[in-house]
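Number of protein chains: 2
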Amino acid sequence: MPPIYLDYNTTTPLAPSVLEAMHPFWCEHFLLPSQEHQQGRAIGEGIERAREQVAELVGCDSFEIVFTDGGTEANNLAILGMGDAKAPGHILVSILEHESVLLAAESLMESGWKVDQIPCDPNGVISVDAVESRLQPDTELVCVQAANPILGTLQPIRDIAEVCHKHDVRLHCDATQMFGKMPVDVSSLGADTMSVSGHKFYGPKGTGALFVRRGLSLKPFRFGEPREMGLRPGAENIPGIIGLGAASLLASRCADQAADRLEELSQRFLSRLRETVDPELQIVCEDSARLPNTLTLLLPTDARRVQKMADRLIMAAARSASPPDQMTRSLRAIGLKPNEISRALRISLGWNTSQDQVDRSVELLAETWEISTL
Amino acid sequence: MPPIYLDYNTTTPLAPSVLEAMHPFWCEHFLLPSQEHQQGRAIGEGIERAREQVAELVGCDSFEIVFTDGGTEANNLAILGMGDAKAPGHILVSILEHESVLLAAESLMESGWKVDQIPCDPNGVISVDAVESRLQPDTELVCVQAANPILGTLQPIRDIAEVCHKHDVRLHCDATQMFGKMPVDVSSLGADTMSVSGHKFYGPKGTGALFVRRGLSLKPFRFGEPREMGLRPGAENIPGIIGLGAASLLASRCADQAADRLEELSQRFLSRLRETVDPELQIVCEDSARLPNTLTLLLPTDARRVQKMADRLIMAAARSASPPDQMTRSLRAIGLKPNEISRALRISLGWNTSQDQVDRSVELLAETWEISTL
Numbered sequence: 001m002p003p004i005y006l007d008y009n010t011t012t013p014l015a016p017s018v019l020e021a022m023h024p025f026w027c028e029h030f031l032l033p034s035q036e037h038q039q040g041r042a043i044g045e046g047i048e049r050a051r052e053q054v055a056e057l058v059g060c061d062s063f064e065i066v067f068t069d070g071g072t073e074a075n076n077l078a079i080l081g082m083g084d085a086k087a088p089g090h091i092l093v094s095i096l097e098h099e100s101v102l103l104a105a106e107s108l109m110e111s112g113w114k115v116d117q118i119p120c121d122p123n124g125v126i127s128v129d130a131v132e133s134r135l136q137p138d139t140e141l142v143c144v145q146a147a148n149p150i151l152g153t154l155q156p157i158r159d160i161a162e163v164c165h166k167h168d169v170r171l172h173c174d175a176t177q178m179f180g181k182m183p184v185d186v187s188s189l190g191a192d193t194m195s196v197s198g199h200k201f202y203g204p205k206g207t208g209a210l211f212v213r214r215g216l217s218l219k220p221f222r223f224g225e226p227r228e229m230g231l232r233p234g235a236e237n238i239p240g241i242i243g244l245g246a247a248s249l250l251a252s253r254c255a256d257q258a259a260d261r262l263e264e265l266s267q268r269f270l271s272r273l274r275e276t277v278d279p280e281l282q283i284v285c286e287d288s289a290r291l292p293n294t295l296t297l298l299l300p301t302d303a304r305r306v307q308k309m310a311d312r313l314i315m316a317a318a319r320s321a322s323p324p325d326q327m328t329r330s331l332r333a334i335g336l337k338p339n340e341i342s343r344a345l346r347i348s349l350g351w352n353t354s355q356d357q358v359d360r361s362v363e364l365l366a367e368t369w370e371i372s373t374l
Numbered sequence: 001m002p003p004i005y006l007d008y009n010t011t012t013p014l015a016p017s018v019l020e021a022m023h024p025f026w027c028e029h030f031l032l033p034s035q036e037h038q039q040g041r042a043i044g045e046g047i048e049r050a051r052e053q054v055a056e057l058v059g060c061d062s063f064e065i066v067f068t069d070g071g072t073e074a075n076n077l078a079i080l081g082m083g084d085a086k087a088p089g090h091i092l093v094s095i096l097e098h099e100s101v102l103l104a105a106e107s108l109m110e111s112g113w114k115v116d117q118i119p120c121d122p123n124g125v126i127s128v129d130a131v132e133s134r135l136q137p138d139t140e141l142v143c144v145q146a147a148n149p150i151l152g153t154l155q156p157i158r159d160i161a162e163v164c165h166k167h168d169v170r171l172h173c174d175a176t177q178m179f180g181k182m183p184v185d186v187s188s189l190g191a192d193t194m195s196v197s198g199h200k201f202y203g204p205k206g207t208g209a210l211f212v213r214r215g216l217s218l219k220p221f222r223f224g225e226p227r228e229m230g231l232r233p234g235a236e237n238i239p240g241i242i243g244l245g246a247a248s249l250l251a252s253r254c255a256d257q258a259a260d261r262l263e264e265l266s267q268r269f270l271s272r273l274r275e276t277v278d279p280e281l282q283i284v285c286e287d288s289a290r291l292p293n294t295l296t297l298l299l300p301t302d303a304r305r306v307q308k309m310a311d312r313l314i315m316a317a318a319r320s321a322s323p324p325d326q327m328t329r330s331l332r333a334i335g336l337k338p339n340e341i342s343r344a345l346r347i348s349l350g351w352n353t354s355q356d357q358v359d360r361s362v363e364l365l366a367e368t369w370e371i372s373t374l
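Protein sequences, first through last, are from chains S and H. Position 179, counted from 1, in the first sequence is what full-length UniProt numbering calls 179; the numbers after and before it change by one each time, with no gaps. Position 301, counted from 1, in the second sequence is what full-length UniProt numbering calls 301; the numbers after and before it change by one each time, with no gaps.
Hints are not guaranteed to be accurate.
Just so you have them, the derived chain S footprint on chain H, three or more residues with Cβ under 8 Å [said to hold, decoys possible]:
| hint | region |
| --- | --- |
| 1 | 28 to 39 |
| 2 | 62 to 73 |
| 3 | 93 to 106 |
| 4 | 201 to 210 |
| 5 | 223 to 230 |
| 6 | 236 to 247 |
| 7 | 313 to 323 |
Interface residues of chain S toward chain H, partial, derived using beta-carbon atoms under 7 Å [as the list claims (entries may be wrong)]:
| hint | residue |
| --- | --- |
| 8 | Leu14 |
| 9 | Ser17 |
| 10 | Phe30 |
Honestly, the hints are just simulated from the structure, not real lab data. All figures in this text were calculated on a predicted structure; none of them were measured in a lab. All residues carry an ideal CB built from backbone N, CA and C; glycine is no exception.
The shape of chain S in the complex, shown without the other chains (with noise of 0.2 Å):
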């Protein structure tokens, strides 16, 4: 039997009619839009569709989708782009943000700009107000993740849009947590940038999208050829980009219904966990709004130990032998010790998982833990 698979917020597998979708475009249709051909031309409308989808997905108009290969570039171009077309001044950056939204802004210092970062409170939320008293007279980008993929905390995305527009400053949002769990809306959260990852939400890998709001300026970082709005150069990943559509297309369609489905296996998992081991058993952040997909179960004994002797059964996340990792800086950020960091496992649960594989898991880590603690 195959292991059971609790890492969705790492990575998903591809969903069968997403590769389905891309099949033609390999061997077939391989044509590039810039061709002048008919082939060419019906390949350039794929791409269309396939940006209608996205932006379906976010909640925009196409025009507002600029296609990436993924997530970091999608940050590093909202971020980078941003800083290439502004005379240097302040960002504010959230603790909790992948590395890919830190280091693009830390790397903008060399260029003159300051770089702050806005802490969260211990129930790993960014508060309005940490973001508004640490604003400056030239403060012009602010980032903050809608989610975070370890504590699971949703954060107050359409409050602090409101803030940073009121002192007329950009709202980064990385949102490539959210797609395939909830609804997101990006004209209702009112973030101006927002980054999307395919993979995250059982799309391609290698794939990605910006929403850059109408009329925004950004300037590319990378350079060549222009295509995307003249925001990203180089040929595009056809079947990649047609894919990205097609897992958009499923992730909206299916998105209030994933929502319950993922909250109600979690329930699942963390009642049948206390009913079994211990009912006392702490998750991180429980009592904030989370994603509806993600534990962070603070276990009795040392987490890497028991994810490694699951190894053959459960696949699970645990902090990284080689911090800082982003659980053990995410954990930190919201006060927790060392001891505690090393016993946090972190279940984050997906299309795939069934009620089935969800009793299995908890006999499975109830007898492993057990075990590690002899």
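Could you slot chain H onto chain S? The hints should help.
For chain H alone, coordinates are given in the frame of chain S:
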């Protein structure tokens, strides 16, 4: 009957065996190597096998290969990565370079770099003298492509590398047009960085690599979780990397035969054309060392018109409606006049080209331009 594809220098279909090699990595082996699980480690080993396959194609060690998302990113990394690693100096860029090379170099002017162009002679060749005579005491980088996609001309990279190294200058070589057409060996060519693009030799779109000579200092120009020796962050496009490896294996195994076969087909194309239509029919840079698959014909009539009329039967490349495109730029660089450029039709053959296709193409072309001149 589908149109005959004669535009392999723009893009190629994926080889069926490459599609097969990628297949298990979409839905089944979908983990990332960073996931601490036996499957994740297996994926990591798959990536390293692919790196060895690309290294064999290029003629280097596998630790000298950095995966990118295509030729454009590889060129950007070589140039921007050098610019970020050194104090501003002087860059020489051949007039025949791809936009991604020209514009990446130009972008460095904002941070104080000077950029000069190296002209080519009427035969489409960048001479060693043209390079050496333009070197300045603060020249840090010379960019010369291995082969031009329009003219087909091969540049004397080995001799240019020798001159560059004599003056302690780095040589970047965009070799994206060579692979799949003839053998390449960077150890004898002597370039310090060299670009590879998957979709130019029957590999997946959205894949590429940069050869970085051991010991060379280069800085990443995008930021995130460290991957690819710190030069290229972001979740790996696993199926793409596996596919690039598989395409590299194919291309390095059949490099000699491909060169011979493409040369034979090109000769057949040209001699049939001269027999059928016009014994004086000109092709561009005929007397220069050229790619074995590329013939840029100077038709007796407007090439865009012929291209459009033959649209359902043949796909070949004419200048774009919106110059300066690469064809217009390359033909202008060898001194062609606008009325000659408008008559240029590029034929580029590939692995799937048959003798029968060549014969039919010649007939169709001859018919079309006869009609078009009526």
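Here's how the hints hold up against the structure:
| no. | hint | result |
| --- | --- | --- |
| 1 | 28 to 39 | holds (count 10) |
| 2 | 62 to 73 | holds (count 5) |
| 3 | 93 to 106 | holds (count 6) |
| 4 | 201 to 210 | holds (count 4) |
| 5 | 223 to 230 | holds (count 3) |
| 6 | 236 to 247 | holds (count 5) |
| 7 | 313 to 323 | holds (count 5) |
| 8 | Leu14 | 4 Å, holds |
| 9 | Ser17 | 11 Å, violated |
| 10 | Phe30 | 4 Å, holds |
Of the numbered hints listed earlier, the single one contradicted by the structure is hint 9.
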